[in-house]
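Keeping the supplied structure of chain X fixed, place chain C upon it in accordance with the hints.
Heads up: the sequence lines are chains X and C, in that order. Be aware that the first sequence starts at 25, since it is given in the numbering used here, and climbs by one per residue. Be aware that the second sequence starts at 25, since it is given in the numbering used here, and climbs by one per residue.
Calculated from the structure, these hints are not laboratory results. Hints are all accurate, no fakes.
Same chains, same label: a pair holds when it works inside one copy or across any pair of copies.
Below, a list of computed lysine-lysine pairs in the DSSO-like style, where the Cα atoms sit at most 30 Å apart: (1) Lys-53 - Lys-105; (2) Lys-51 - Lys-105; (3) Lys-108 - Lys-53; (4) Lys-105 - Lys-48; (5) Lys-108 - Lys-48; (6) Lys-51 - Lys-108.
Protein chains: 2
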Amino acid sequence: MLITILGIIAGAFTTIAVLPQVFKVIKTKSAEDISMWMFVCLLIGVGSWTLYGIAKEDWPIIITNGLSFIFNGTMVYVKLKYSKN
Amino acid sequence: MLITILGIIAGAFTTIAVLPQVFKVIKTKSAEDISMWMFVCLLIGVGSWTLYGIAKEDWPIIITNGLSFIFNGTMVYVKLKYSKN
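Looking at chain X on its own, in the form it has when it is part of the complex (with noise of 0.2 Å):
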């Protein structure tokens, strides 16, 4: 049971945890210095794990990770759309 609580909680943290950096974004206008290369790196790692889950049949890993896919393909569009060079 606690376990559990705490896999909730880990799944929870690591899904959302992208959202701050897209709204800070988009409330400065600025992503100069923000890594292309690790949201590139996330969205091939939380794709591959969406995959994983499909191929398994699990649910949580693939709800999880197919909003992180989401959460960070839309990171990899404000960084685009806000970053100058």
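Chain C only, in chain X's frame:
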């Protein structure tokens, strides 16, 4: 077998993702655009995954998330060091 390879790719990319961001901040000495909240959420998340792995005695979870915790902790350190505000 293919599923295991997918899991290794997924684990590797999500674990190393933060490193290009750490190197970029050290190189440019600038971290204004980076959200501290993102990395605080990631620290809570991967820290919880590490405890989850310890509770379940699941070594791949412990190793990937333990490394992520160290890398994200380093990111918080460089953010604090190079942020002017």
